[in-house]
Amino acid sequence: MTSGQGGYAGAYRQSLEDPAAFWGEAARSIHWIRRPQQVLDDSRAPIHRWFPGARMNTCYNALDRHVVAGRAEQTALIHDSPVTGTKRAYSYAQLLDLTARFAGGLEALGVTKGDTVLIYMPMVPEAVIAMLACARIGAVHSVVFGGFAPAELAVRIDDARPRVVVAASCGIEPSRVIEYKPLLDEALRRSEHRPDFSVIFQRPQAKAELTGNDVDWATLMKPNAVPPAACVPVEATDPLYVLYTSGTTGRPKGIVRDNGGHAVALAWSMQAIYGIGPGDTMFTASDVGWVVGHSYIVYGPLLAGATTVLYEGKPVGTPDAGAFWRVVEEHRVNAVFTAPTAFRAIRRADPSAELLAGRDISSLRTLFLAGERLDPETYRWASSTLGVPVVDNWWQTETGWPICANPIGLEQLPLKAGSPSVPVPGYDVQVLDPAGEVLPPNTEGAICIRLPLPPGTLATLWQDDERYVASYLSAFEGWYLSGDGGYKDEDGYVFVMGRTDDVINVAGHRLSTGSMEAVLAAHPAVAECAVIGVHDELKGQQPRGFVVLKAGVDEPAATLEAELVELVRSEIGAVASLRRIDVVTALPKTRSGKILRRTMREIADGGEVSVPGTIEDASVLDTLTPVLRASR
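Residues in the sequence shown are numbered from 1 upward in steps of one, following the UniProt record's numbering.
Errors might be hidden in some of the hints.
What the hints assert, rightly or not - As a list, the in silico DSS-like pairs of lysine-lysine whose alpha-carbon atoms are at most 30 Å apart:
1) 416 / 314
2) 222 / 207
3) 416 / 550
4) 87 / 589
5) 589 / 539
6) 589 / 550
7) 314 / 87
8) 314 / 589
Stated by the list, open to error - Across the chosen pairs, the derived CB separations fall in these ranges:
9) 579 / 492: 12 to 22 Å
10) 330 / 524: 47 to 57 Å
11) 376 / 608: 12 to 22 Å
12) 537 / 37: 51 to 61 Å
13) 579 / 556: 13 to 23 Å
14) 84 / 43: 49 to 59 Å
15) 37 / 492: 28 to 38 Å
16) 524 / 490: 30 to 40 Å
17) 522 / 28: 48 to 58 Å
18) 434 / 207: 54 to 64 Å
19) 376 / 618: 33 to 43 Å
20) 538 / 436: 29 to 39 Å
21) 84 / 219: 14 to 24 Å
22) 514 / 627: 16 to 26 Å
No lab work stands behind these hints: they were computed from the structure. We put the beta carbon where it would ideally sit given N, CA and C, even for glycine.
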């Protein structure tokens, strides 16, 4: 049994019984400058390091080695942009040339190995080039979702402390153009850290005025402007990127991904989980600002020698609900990876899949869905409509690649609606009770992963090992706390039922209700507040806000509610999706003062309601119930 082929059961057993042998074998798929002599270092447990002492370069593995191996003319990247009406394909040789030139430009601006570069761009090839260029010279990139509000961008600038910011002049939505440069300028005005330069990629839809230390992307990329950069050897344990979890309160959590373990895990996952290899085409309908975009738009497909589709559009509205079928047909896509929200939107707009008629999607082998719980009805509709396996998979920004999935490349297991299938090799997934004991099948509890986590998962939090341990590894000794609750059935299939903290999932985007509450609470009229995630047929969850006003406030409720919605939008961004806030007289609490958010959510969702015996005043809940149910 090897780590990359054969049946699931054998691979899974070996990965837990002898992880060093399993991942040592998987590491043979990566080009090493200095091969690993040690696979796993547990001397600093509970923090573990993979492939210490080994050296490599992630960009070389994603681009150069494929050119050397004779795949120079194969298409590496397809940019399909219905919002601009443009398409362009880049061969591996062309993408390598552009990456090396931009990496040389970063070096000319003073960026060296270990420096950070913040990338604030939409779904354009230049975002991929910037990421790979950082990897090429050993710089650490931190991609922030294009269009994030200045306040959120500013805290990431202060935490990552980038030497250079790379941004586009604008992003393009179906109905509007969003200028990025004013958002970036405001973020820099708010931040304490000052980058040396901002490189601006000018888009014709809204060109930015360059001032001060701004550098034009096109000027930097002129032929012979700067020498192209060679690949810089880095330690396998050196950071490749920092990615901030969405909407965290206070100082954001910067998830650190290393170079070596990341490359090994993603290369293995492409073959074993997704069944994608050299020459295949993968269409991941996400954004480079999210972890799915990092792993399966940029790095995973390129490490595998495949073609990746970078799509600047929506599942519906650009122009219609047949957009995905067009992409699959035109680019001969073998695997689609997106969020269940996308398919709920397609189904809502075209329930009989009339727009699929006449499209040749025979190249499609598998549909992968992740980012939020896949509801059984969407699973059934997608399965019957497409006639291919619909594979749910569950993972997190922290893990970087799937924790649970149906490992198509190893062995296609039976699919179960409502479950992301089984733990992936490398992940010892168990459900624990509050005392840390493993629960029997079909008993709900906290989903945890026994240490060590496999390669490719978070190495630590950016410059804060203590916070990493406190946030993820301290609840149960020897375990990683996922923050999700659920159960395993008698066949070992995992069912993820929801978060156990204040994070909600809106269309695949993890957002903290706590961060929204912090914005609401800062308003001078608000005495206390609560934000909960309520079920939404299209997006999985939607945030709903409830505020209690301070005594003496006489502003009309409707005016104040609209003002608070706009405040959250300006401080966190439109991605927060908080569109309804209700002014109420009181919030239900326990006698210790804890707001009963879970009970409020249960009422709003119309499900079974569990009211704790510690409730301080049950009449408050009675008064609030009509408002909660009206928010559905």
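Structure-based check of all given hints:
For the hint linking residue 416 to residue 314, the alpha-carbon distance of about 28 Å falls within 30 Å, and the restraint holds. Distance check on the hinted pair: residue 222 and residue 207 sit about 18 Å apart at the alpha-carbon level, within 30 Å; holds. For the suggested pair residue 416 and residue 550, the alpha carbons sit about 50 Å apart, so the restraint of at most 30 Å is broken. Between residue 87 and residue 589, the direct Cα distance comes to roughly 55 Å. Violation of the 30 Å bound is thereby established for this hinted pair.
A hinted pair counts as satisfied when its Cα atoms are at most 30 Å apart, and residue 589 with residue 539 qualifies at roughly 28 Å. With a CA separation close to 18 Å, the supplied pair residue 589 and residue 550 stays within the 30 Å bound. Under the criterion of a C-alpha separation no larger than 30 Å, the hint pairing residue 314 with residue 87 is consistent with the structure, at around 15 Å. For a cut-off of 30 Å, the pair hint linking residue 314 to residue 589 is broken: about 41 Å separates their Cα positions.
Hint check: residue 579 to residue 492, Cβ distance near 40 Å, so the stated range 12 to 22 Å is violated. Under the hint 47 to 57 Å, the C-beta atoms of residue 330 and residue 524, about 54 Å apart, fit the expected range. The beta-carbon spacing between residue 376 and residue 608, approximately 18 Å, falls within the hinted interval of 12 to 22 Å. For the pair residue 537 and residue 37, the supplied restraint of 51 to 61 Å holds, since their beta-carbon distance comes to about 53 Å.
A hinted range of 13 to 23 Å holds for the C-beta pair residue 579 and residue 556, which are about 18 Å apart. In this structure the supplied range 49 to 59 Å holds for residue 84 paired with residue 43, their Cβ-Cβ distance being about 51 Å. For the pair residue 37 and residue 492, the supplied restraint of 28 to 38 Å holds, since their beta-carbon distance comes to about 35 Å. As the Cβ distance of residue 524 to residue 490 is approximately 55 Å, the hint placing it in 30 to 40 Å is violated.
For the pair residue 522 and residue 28, the beta carbons lie near 53 Å from each other, so the given range of 48 to 58 Å is met. For residue 434 and residue 207, the Cβ-Cβ distance of about 57 Å falls inside the hinted range of 54 to 64 Å, so the restraint holds. Separated by about 34 Å at the C-beta atoms, residue 376 and residue 618 satisfy the suggested range of 33 to 43 Å. Hint check: residue 538 to residue 436, Cβ distance near 38 Å, so the stated range 29 to 39 Å holds.
Distance hint check: the CB atoms of residue 84 and residue 219 are about 22 Å apart, consistent with the given range 14 to 24 Å. At roughly 21 Å, the beta carbons of residue 514 and residue 627 sit within the given window of 16 to 26 Å.
Violated hints, in rising order: 3, 4, 8, 9, 16; the structure is consistent with all others.
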